[in-house]
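Protein chains in written order, with our numbering: chain W, 1 to 353; chain G, 1 to 353; chain E, 1 to 353; chain L, 1 to 353.
Simulated from the structure, these hints should not be mistaken for lab results. Honestly, I wouldn't trust all of these hints.
Said to hold, decoys possible - Residues of chain G placed beyond 10 Å of chain L at every Cβ, according to the derived structure:
1. 28
2. 37
3. 38
4. 114
What the hints assert, rightly or not - Footprint (simulated), chain W over chain G, 3 or more residues, beta carbon under 8 Å:
5. 64-74
6. 198-212
7. 216-230
Since the structure is predicted, the reported quantities are computational estimates derived from the model, not experimental observations. Note that CB positions come from ideal geometry on N, CA and C, so glycine has one too.
Here is how the chains run, residue by residue.
Number of protein chains: 4
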Amino acid sequence: MSLGIAVVGAGYWGPNLVRNFRSSSDWDLVAVCDLDAARARKVIGPRSTVDVETSLERLLDRDDVAAIAIATPARTHSAIAMAAFEAGKHVLVEKPLADSYAIGQQLVDEARSRNLVLMADHTYCYTPTVVKISELIAEGVLGELLFIDSVRINLGLVQPDVDVFWDLAPHDLSILDAVLPFGLRPEAVAAHGADPLGTGRACVGYLTMPLYGGAIAHLHVNWLSPTKIRQMVIGGSRRTLVWDDLHPQQRLAIYDRGVEFAAGDQVGPSERNAAAVSYRLGDMHAPSLPESEALASVASEFAAAIRENRSPRTDGESGLRVLDILEAASQSLRSGGALVAPNSADLTVGSLS
Amino acid sequence: MSLGIAVVGAGYWGPNLVRNFRSSSDWDLVAVCDLDAARARKVIGPRSTVDVETSLERLLDRDDVAAIAIATPARTHSAIAMAAFEAGKHVLVEKPLADSYAIGQQLVDEARSRNLVLMADHTYCYTPTVVKISELIAEGVLGELLFIDSVRINLGLVQPDVDVFWDLAPHDLSILDAVLPFGLRPEAVAAHGADPLGTGRACVGYLTMPLYGGAIAHLHVNWLSPTKIRQMVIGGSRRTLVWDDLHPQQRLAIYDRGVEFAAGDQVGPSERNAAAVSYRLGDMHAPSLPESEALASVASEFAAAIRENRSPRTDGESGLRVLDILEAASQSLRSGGALVAPNSADLTVGSLS
Amino acid sequence: MSLGIAVVGAGYWGPNLVRNFRSSSDWDLVAVCDLDAARARKVIGPRSTVDVETSLERLLDRDDVAAIAIATPARTHSAIAMAAFEAGKHVLVEKPLADSYAIGQQLVDEARSRNLVLMADHTYCYTPTVVKISELIAEGVLGELLFIDSVRINLGLVQPDVDVFWDLAPHDLSILDAVLPFGLRPEAVAAHGADPLGTGRACVGYLTMPLYGGAIAHLHVNWLSPTKIRQMVIGGSRRTLVWDDLHPQQRLAIYDRGVEFAAGDQVGPSERNAAAVSYRLGDMHAPSLPESEALASVASEFAAAIRENRSPRTDGESGLRVLDILEAASQSLRSGGALVAPNSADLTVGSLS
Amino acid sequence: MSLGIAVVGAGYWGPNLVRNFRSSSDWDLVAVCDLDAARARKVIGPRSTVDVETSLERLLDRDDVAAIAIATPARTHSAIAMAAFEAGKHVLVEKPLADSYAIGQQLVDEARSRNLVLMADHTYCYTPTVVKISELIAEGVLGELLFIDSVRINLGLVQPDVDVFWDLAPHDLSILDAVLPFGLRPEAVAAHGADPLGTGRACVGYLTMPLYGGAIAHLHVNWLSPTKIRQMVIGGSRRTLVWDDLHPQQRLAIYDRGVEFAAGDQVGPSERNAAAVSYRLGDMHAPSLPESEALASVASEFAAAIRENRSPRTDGESGLRVLDILEAASQSLRSGGALVAPNSADLTVGSLS
């Protein structure tokens, strides 16, 4: 039996949700909700019996709606999600989960107390590439993690309400949260930005995150680049992985190459001096990855979490960790790039492996 | 009439200097000097009448030596250069000029007071690519500079005496110094590094430099990357330039593409809000660049500066500006990434254009 | 008022036609026809009032169907198209138009005599890239055409009924027909193929076509290549164009580069000896191309041709020229690669310019 | 003890030979011979005791010359080599070995009868890439060979004496000769060319060679292409190899991917029908290759062959097989692309494996 779902918001991302829920055998798309009925109608298309709703209240009253997918502007996410929880509906919400960590926390708590599913639509985490990266790290193929460098730059519209960190970094942060063994829990965050056009918000941004064990993660997000680059390098003590998302025939390359210690891994850090370090040049391996649409997997996972009464892979908590870093980044930006500890820092135990 | 020159240091870079001075019609390579005579002999090769010298003193005593090129370890640069100046010889010195700003300043002063040429071997600045970039910026093709992002990563040996900033960043810093209209004079420098292998020095480094007028420059230098990337993006208000040094058939691409203001450039910064910003997608243009060896141009410029009794394009001052940033970066690194003003900051006037 | 259309064939290509006719404001998709009702139903999707038809006869009887789009196996194209013409319907047909030149000619004649539109779905010809290439050639930007080299290789299923020429070459041939000033009218065709797996048909194919004026066109089609290459080089006396369809950020590159004669273009062919030939290295220019789905343009053009009672851009005649070359290629293949003149050869006048 | 060598010809390729023989410990470069003494002097450079010779006769009279390397225009190769053999010198000769098969055969015979080494400077065959490809094929990594497709195109000067086949194809032919298990022994050769500029010789060329066992090899050579492509695909029944010589960070890629038969390799050719063929998508593997200069290996191999009194890896016979194909190609070109059997065809036994 398929579950009834409605998509709320028929703007930029809504049509993608509509297309995927429509073609999923797990779901029955019953309605699209938007204040602008014509826009919703256009997304549904002709010769369709899917309903248009312009009232959220009416939508949430429907018995054939078990869940909603929210694709409205970020500042409206939390109010819509709260209303949905009150009506007993499960919720899939676009990134970012909310516009602040505190409000995001309320959403997580509310979903938990009502035993409803709250899922963050971290679409990238459901691509075959990110799934493969998670496996490779979990299996120890890369060894100990040393550094992560991510670049996500393109010509992008200057957003009216958020800076480039809040617009683009959620993608990278949610990916890191998905692939790191214990989720993304940096010791601190430092952010540097530039607003060379005088738009009132950073259009070029750099985010540095020291990780436990001496590793480092760094993001470059940029709305002003005329060339699109989406690349992540994850360096490990055994192998290093390069993900180039714009190279569809070879998205993932694993280099059996790196720096090593003359006396092997037995040498403790105190004995590791420069003289003992050399490097080896090994082969590269590019695994074959299936072609599948990530959003179709998001739809399946959402349905499975509801049916199995469990947390989805990208649950509210992961959305919350992303918000945590974004808030720390904003604070660092205001204080000239100083290192700022996220809320989660004091809770974190253990190290990367 | 060609000028007599000797190369001091027959290690990694020396052979390149030997080859280029040997084949230059401006120069007569008379000797190679190294403590290890066999190594010097090997660089010279068989059936040659170029001399091997193992004593710097004897070398500097020779009348047929008008100038020396120093390719020894960095910490020895200043002593050798000082001795050369005392012997009345002109000096070309590998990067970095010296191991501190203060000592570098002494070299610059000494050369000036003796009216001798001190040239920094900023080889990259003599490539057809960097020469072209300088011209494009000087001619206003890019417009107002908005951001500069440079990546120089590769598998590199952990150096026994310097971190990755001092090893790799001099290349990017000297390039920026050459292409920026008033040289590289950032407001401040912030550095973040990581030493995930516990070698005692940063192996991964990020350098952020707010520039005057709201622009930003950022460098990523890394010894631990299994793939080599050498890329620089220079974003301007009119056009943006991408230099990919590992793409010899298309090293330089100029995108007539960018973000623009609805009401044109007449709108003052105070009126620049997000709503007024859109972007345009224009064509890309890749200029044809001559193939020429940069080091041959270094040799010519060194000879020309001596003959014309003038400063070379990359003079001691430019080497000093690079040292200045490196020292500020080291200080920032020690203080957790705080912004540190370089010595030159208080001297700087004007803005990028 | 939108025109009623039905898609015949719900296999590989049908769903793409369905999607595009569905979202076109020119068309009203009223039915999908397939012998397998479940397959047709699946293409339409849930909550839709588009009809499923399993009988072609019933479909062609419907008054709300003005036109049909045929996406069935190639050998059935002509019978379905003929039936449609008899029922007074306009026809869009997948490549190849028919399985022989003679039958294709009948289709063209039948459509003309009934004043109905017959359009070949040469989808590639409606991509922004091919449209741009046509313009560049028509405007003389490339100068006199010298050579065309096209490569279309990938891992492809060995087809049960056709060889690699009939499967893949129609794409390239239809493109050449669209961009060459007088259509694709080679003097002769030579084909070489290989069947190294012993499947009973060529899996690797090379097609050589001497063009008028000494130019040459050559195609490489291949089902056995593990890497996908889709590249066309069009060399001209003024400029040369390289189209790399798998490089979405720079599909088209125009090189202002080439071979030239010492004494300029005034030198006649008889004086053109090797000594007088040199080459110049000029810049490259990559025009910005809009992103648009070609099949949406196919749908628009089909509607416009019907409404304006005119030939579509890729009419039956162009489909026929493609069949002509394919038949000549098959004949050349059977005779060991001998040059074979196509039917159109004796009709051709003039030269490339 | 090093062997004395002289380089004959100080034009385009001579300086490369000079540089490599000079730095080889196997050799002592004693002289450079050219009719133009200034040109020879320039290649040797200043402060050198290597001799300039302008008379071949005087050169061949010298006792300190054990061998010569010939880098003169192709039409002079055979006369110089013959004179050298008469003087008892070993010979390394640039491609092509001679300007006809018959004369090449005389050189091979003369060397054999005098027990002197005749080596063809098939430089590419000594690159780490070609050495690796040979090993992979010999070890059966690719399985049965199915097709070979090679592209070597660039902007090239129209040669005064030879067409594009004789200028560029020797590279590919010598590579194929080196990597194929029994050398390059096609059943026949078909050549198509174009001279769209009216220079009197083909500037664009295609060479098709049916190989034993149903496989095919095809070359594209072109002087008129504004972009440089040097790529070879070698398709096998188990794996397929792609060599992209202009991608230094990943020259060689081995795809564990291909077409396969439903019932496995046990199915005989007669049962191989299309229905039974499917394809599998596997991983890609890029072996790490050492960086080494091929010409240095040529120099070593030449010395080793002399010392060990054996045939070098690229002996006169391999040069002869290249000439054989070139002559057949010229003949095919004259007869409109007809298949022409090379001299070696009747001698060939066996099949590719």
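Consistency of the hints with the structure:
1. 28: Residue 28/G is in fact no farther than 10 Å from some Cβ atom of chain L, at 7 Å.
2. 37: The claim stands: residue 37/G keeps its Cβ more than 10 Å from every Cβ of chain L (closest is about 18 Å).
3. 38: holds, 14 Å
4. 114: holds, 29 Å
5. 64-74: That given contact is violated, which follows from only 0 residues of the stretch 64-74 of chain G lying within Cβ reach (below 8 Å) of chain W.
6. 198-212: holds (count 9)
7. 216-230: Check passed, 9 qualifying residues.
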